[in-house]
Amino acid sequence: MRPLVRLGLFLVSTAVFAGIFVAALFDLHPLGHADPLSATYGDLVNSLTVPERHITDAVTAVNFDFRGFDTLGEEFIMFASVLGAALLLRKHADESAGPPIDKQQGRQITLASDAVRLLSVALVSPAVLFGIYVVTHGQVTPGGGFQGGVILASAPLLIYVSGEFHSLRRVAPRWLVEAAESIGAGGYVVIGAAGLLSANAFLHNFLPLGRPGDVFSGGSVALIDLTVGLEVAGGFILLLLVFLEEVLVLRDPI
Amino acid sequence: MIWLQTAILIMVALGGLAVVLTRDPLHQAVVASFYGILLGLMFFLFQAPDVALSQIVIGALALPLMILLALARIRRKRERSVP
Amino acid sequence: MTHLAYCLAAWLFAVGLYGVVTSRNMVHLIICLSVVQSSTYALLLAIGYRAGAAAPVFADIPSGTPAVDPVVQALMLTDVVVEVTIMALLLALAVLAYERTGKLDPNDLGMIRG
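Chains as they are written, first to last, in our numbering: chain A, 1 to 254; chain B, 1001 to 1083; chain C, 2001 to 2114.
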């Protein structure tokens, strides 16, 4: 399709869309005043999450309990796309021909400055600690497996920024990262199946609920938080390694 | 509160426009990073701290990083094919 | 203000789509797609918001306090994280297309041959 034709098609369809949208605006409820019918479900969740599930963060309760099965689907979308990216960017046989670009003549290897290296090394352990905190406190305060997993994945990135490429390979070898991702994805299903065995319903809680506000509250939701954190962290580090692989080889100061 | 919310909505609108109008992907990665932070602020101001937490890490760090690494791979291929 | 958030969703959708349509670089196209994606956040946020209500976290406030809708927030939360892995998949496809054809402009990519 020619660019001009495409632009014309875009303008026409946007004009139609804008017309329908403006017509729809008159029927929408103003911001902050929801349709009383559609609000029922959210309000019900808000009022049930603490007394019935002992989870103080309603969003975590929705994600891993009330709509836990949907999140399982989301998780596998993520698993599949990380797998797809890793598969697409795997090394091809014809790729290793020729020396890496930085080892060619007339090209300087730029190392990170001392300040950057010091700061990033110093930030690694706070990042890990904060990530673990966010993962384990998902049922109490805003946070959970998804957010904490991403924070955890930023730690290897900091190691890379500090210029310790070899340490990155040692700390996060490919097999370990892949195992973490797979165990995380499989663990969710196992916890769901355990609910199926103990209470005849997939993802049914099978652990004591604990006191609301405690770290060990929410029953199996706390466990699901851990597996999701493992999967998200593993998936992101795997993506990082896959994209970095070429660049890593190229910057190895051997 | 309502003024802050109005302001952040307008800023996100302008941020989205800026991301699209930046044609060079390398510059766009930086603009997209700022746009990610703006989105995170918007979530925060509309009482969604859970989403804000993940959006700030993802939008400001993970997505721009993926873009930069993809660009690095593309540039490397370009340099190798034109010796 | 009353309908500004809905307008933001429509605006981001249209602007992102404009970028996708006029893009001359696949990486640029993918980032524009993430702008289109963020329009769904604006819409969901606007649907779930309640004026004067608290965040749906009952750690410090008693259970039963009016709070915003947690269901749409849960939708957004998973979407934010899953989106970026999809973006990585798309970027991998773009890198691969460049490595195979040497072209980044979507207009230059004709029929895809196996």
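Hints are computed from structural coordinates only; laboratory data are not their basis. Possibly wrong hints are sitting among the right ones.
[Claimed, not checked] Below, simulated DMTMM-like cross-link-like pairs (lysine to aspartate or glutamate); rule was C-alpha separation at most 20 Å, straight line:
| # | chain 1 | residue 1 | chain 2 | residue 2 |
| --- | --- | --- | --- | --- |
| 1 | C | K2103 | B | D1024 |
| 2 | B | K1077 | C | D2079 |
| 3 | B | K1077 | B | D1024 |
| 4 | C | K2103 | B | E1079 |
| 5 | B | K1077 | C | D2105 |
| 6 | B | K1077 | C | D2108 |
| 7 | B | K1077 | A | E245 |
[Said to hold, decoys possible] Coverage of chain A stretches by chain B, computed from C-beta distances (three or more under 8 Å per stretch; other residues unrestricted):
| # | region |
| --- | --- |
| 8 | 16-27 |
| 9 | 46-60 |
| 10 | 133-146 |
| 11 | 151-159 |
Note that the Cβ used here is the ideal one computed from N, Cα and C, for glycine as well.
Here is what the structure says about each hint:
A distance of roughly 15 Å separates the Cα atoms of K2103 (chain C) and D1024 (chain B); the hinted pair therefore holds under the 20 Å criterion. As the CA atoms of K1077 (chain B) and D2079 (chain C) are separated by approximately 32 Å, the hinted pair breaks the 20 Å bound. Taking the CA atoms of K1077 (chain B) and D1024 (chain B), the gap is about 18 Å. The hint holds against a cut of 20 Å. Under the criterion of a C-alpha separation no larger than 20 Å, the hint pairing K2103 (chain C) with E1079 (chain B) is consistent with the structure, at around 14 Å.
Taken as a hint, the K1077 (chain B) and D2105 (chain C) pair is honoured in the structure, with Cα atoms around 16 Å apart against an allowance of 20 Å. The hinted pair formed by K1077 (chain B) and D2108 (chain C) meets the criterion: a straight-line CA distance of about 18 Å does not exceed 20 Å. Of the pairs offered as hints, the one joining K1077 (chain B) and E245 (chain A) holds, with about 14 Å between alpha carbons and a cut-off of 20 Å not exceeded. With 0 residues having a Cβ less than 8 Å from any Cβ of chain B, the region 16-27 of chain A misses the three-residue criterion, and the hint is violated.
Judged by the Cβ-Cβ criterion of 8 Å, the region 46-60 of chain A is covered by chain B as claimed, because 3 of its residues qualify and three suffice. Coverage of a stretch by a chain is defined here by at least three residues with a beta carbon nearer than 8 Å to that chain's beta carbons; for the region 133-146 of chain A and chain B the count is 5, and the condition holds. With 4 residues having a beta carbon nearer than 8 Å to a beta carbon of chain B, the region 151-159 of chain A meets the requirement of three or more and the stated coverage holds.
In this structure, the hints that do not hold are numbers 2 and 8, in rising order.
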